[in-house]
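Please model the complete structure; the sequences and the hints are all you need to start from.
So the sequence shown is numbered by this note's numbering: it starts at 1 and just counts up by one.
None of these hints come from the bench; they were simulated from the model. In this text the structure is predicted, and so the values were computed from the model without any measurement. A few of these clues could be false.
As the list claims (entries may be wrong) - With a straight-line cut-off of 35 Å between C-alpha atoms, the simulated DSBU-like cross-links for lysine-lysine are:
(1) 52 - 169
(2) 394 - 321
(3) 253 - 219
(4) 52 - 22
(5) 71 - 321
(6) 321 - 395
(7) 22 - 253
(8) 321 - 253
(9) 258 - 219
(10) 169 - 219
(11) 52 - 71
(12) 321 - 258
(13) 219 - 321
(14) 169 - 253
(15) 71 - 169
(16) 253 - 394
(17) 219 - 71
Said to hold, decoys possible - Ranges of calculated distance between the beta carbons of each label pair, as one might list FRET restraints:
(18) 330 - 405: 40 to 48 Å
(19) 265 - 145: 22 to 30 Å
(20) 397 - 265: 44 to 52 Å
(21) 202 - 240: 16 to 24 Å
(22) 47 - 211: 15 to 23 Å
(23) 329 - 245: 45 to 53 Å
(24) 210 - 266: 37 to 45 Å
We treat Cβ as the ideally placed atom computed from N, Cα and C, and that holds for glycine.
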Amino acid sequence: MIRPALFRYLILRSPEDVRFLKCIVVSPRYITSSLSGAISCIDIYHDAAESKPWLHHIHGLSARLWTTSFKCTVTNRENDSASIVGRWAPFDSLPSITPSYVPLTILTLNKLVFTSTTELARLVDSFSTLEDCRCDQLTFLDPSLVVQSRRARRRSSSSLEHCAISRCKGATLSSQATLASDILSIIARLGLDDRMWNVVLQALLALVPDTFERVLIEKLTATGRPSSDWTTIRCTLLAQESDVCDYVDAVIKICRPKSGPGILSPLAYIERITLVLSIADVDATGSPPFEAFQGVVDSPHLRYLRLAARTRRGQDYETMKNILCSVLRRTQLTWALESHKLQFGDYYRFKHNDIVTSADILAAPAEHTINDTTITLDTAEQAEWLLRSSHQNKKAEYLRELVTARASEASTNKSPGVAPSGEQ
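Listed below in structure tokens is the structure:
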């Protein structure tokens, strides 16, 4: 007996594989068998150097496999990035067939050559069902910005929601981030002010060191009220693959006001920005360059700029805490603090008591009394106290821990044979 689970995930590497599978799925016996509906994903691996295109043959399969998702990975194995040898144009020789025949959900492009960034954008646009595009080590003979006027008009309602670009030849992280944003058509699809979006994008790029080389931009599912729509854009900047802990993750919430019939829709605006930073160099200095965010924070629409961490034990928490220390010293983000739009807190908690607001920071005392004992906190301790949740007396618990630790240290220093602190 054939187990359907064995056919849940299939890999196709040649036109022969496609023909073989097509012969199976068109059979009447397949439709009535236990295999019908078992194939959930087909992964296609394509060599860009192959002389005859065959990706369009997938259409015959998709017509039968309605519930199956199709993924395609295209790789240039010739390692020639100086000419069009590594160019992939699977439909150029097939004028009667368009990429819409191939219902891809994920497209991965490795080491390919494109005449321009616009050619890449047009290729992505042509796959009407595409949700995720991943590009690595691409070469653009003309690396100038995407010419938006040469793209398909339907892209504003595209299903594309994820675009990752990394290590393109001769491309800076800034140009890769701009390309990912252009391919997703963030500005056009959301009705954003292009200047404000570019300011945010460049401000994020200013936070990362030169070792960063990967960017991922995602358009998350929109929600909203009758008067407006909310869309969340997530922008992730990553270091080299060996430095898996180093990243900057920004979650940007955008509001799109609705208007009545015949009334020009107002521009969408950025209402909230949450940053998760995990950068080893920042842990030592606590001074990433946030100045580029000042224009965004000064916008009357922005409610807050929040620094967050996903766990209390990770590098992202240490980075956030060090930045909070610099804020307490008034050496960083003073303009955001004084505008009462600066916040710190847990990425997954949104209750008021779990968020450190500007008001909390401005009113934070250095001295505390716990169990009739007065204790003075240094900057790092003050930051830790602020970040402790107000629920379940976490702040008081932390103060008791400090009192106990200092009493134990004082007792140890007074023990026979132990020199007091500061003496040799």
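Now for the hints, and whether the structure bears them out:
The hinted pair formed by residue 52 and residue 169 meets the criterion: a straight-line CA distance of about 27 Å does not exceed 35 Å. A C-alpha spacing of about 17 Å is found between residue 394 and residue 321, which places the hinted pair at or below 35 Å, so the restraint holds. For the hint pairing residue 253 with residue 219, the CA-to-CA distance comes to about 10 Å; that is within 35 Å, so the pair holds. Our distance criterion of 35 Å between C-alpha atoms is met by residue 52 and residue 22, whose separation comes to about 19 Å.
Simply put, residue 71 and residue 321 have alpha-carbon atoms about 41 Å apart, too far for the 35 Å limit, and the pair is violated. Proximity of residue 321 to residue 395 is assessed by CA-CA distance (about 15 Å); at most 35 Å being required, the pair is judged to hold. Proposed proximity of residue 22 and residue 253 is contradicted: the alpha carbons are some 44 Å apart, above 35 Å. Taking the CA atoms of residue 321 and residue 253, the gap is near 24 Å; set against the 35 Å cutoff, the hint holds.
Between the alpha carbons of residue 258 and residue 219 the distance comes to roughly 19 Å, so the proposed pair stays at or under 35 Å and holds. At roughly 26 Å between alpha-carbon atoms, residue 169 and residue 219 fall within 35 Å of each other, so this suggested pair holds. Of the supplied pair hints, the one linking residue 52 and residue 71 holds, its CA atoms being roughly 20 Å apart against a limit of 35 Å. At most 35 Å may separate the alpha-carbon atoms for a hinted pair to count; residue 321 and residue 258 exceed this at roughly 39 Å.
Between residue 219 and residue 321 the CA atoms are separated by roughly 29 Å; this keeps the pair inside 35 Å, and the hint holds. With a CA separation close to 32 Å, the supplied pair residue 169 and residue 253 stays within the 35 Å bound. As the CA atoms of residue 71 and residue 169 are separated by approximately 25 Å, the hinted pair is consistent with the 35 Å bound. With a C-alpha separation of about 30 Å, the suggested pairing of residue 253 with residue 394 holds against the 35 Å cut-off.
The hinted pair formed by residue 219 and residue 71 meets the criterion: a straight-line CA distance of about 19 Å does not exceed 35 Å. Range check, residue 330 to residue 405: Cβ separation about 27 Å, and the 40 to 48 Å hint is violated. At roughly 25 Å, the beta-carbon separation of residue 265 and residue 145 lies within the given 22 to 30 Å, and the hint holds. For the pair residue 397 and residue 265, the beta carbons lie near 51 Å from each other, so the given range of 44 to 52 Å is met.
At about 22 Å, the beta-carbon gap between residue 202 and residue 240 stays in the expected band of 16 to 24 Å. A hinted range of 15 to 23 Å is violated for the C-beta pair residue 47 and residue 211, which are about 31 Å apart. Remark: the range hint 45 to 53 Å for residue 329 to residue 245 is contradicted by a beta-carbon distance near 26 Å. One distance hint, 37 to 45 Å for the beta-carbon pair residue 210 and residue 266, holds here, with the actual separation near 39 Å.
Hints 5, 7, 12, 18, 22 and 23 from the list above are not met by this structure, while the remaining hints are.
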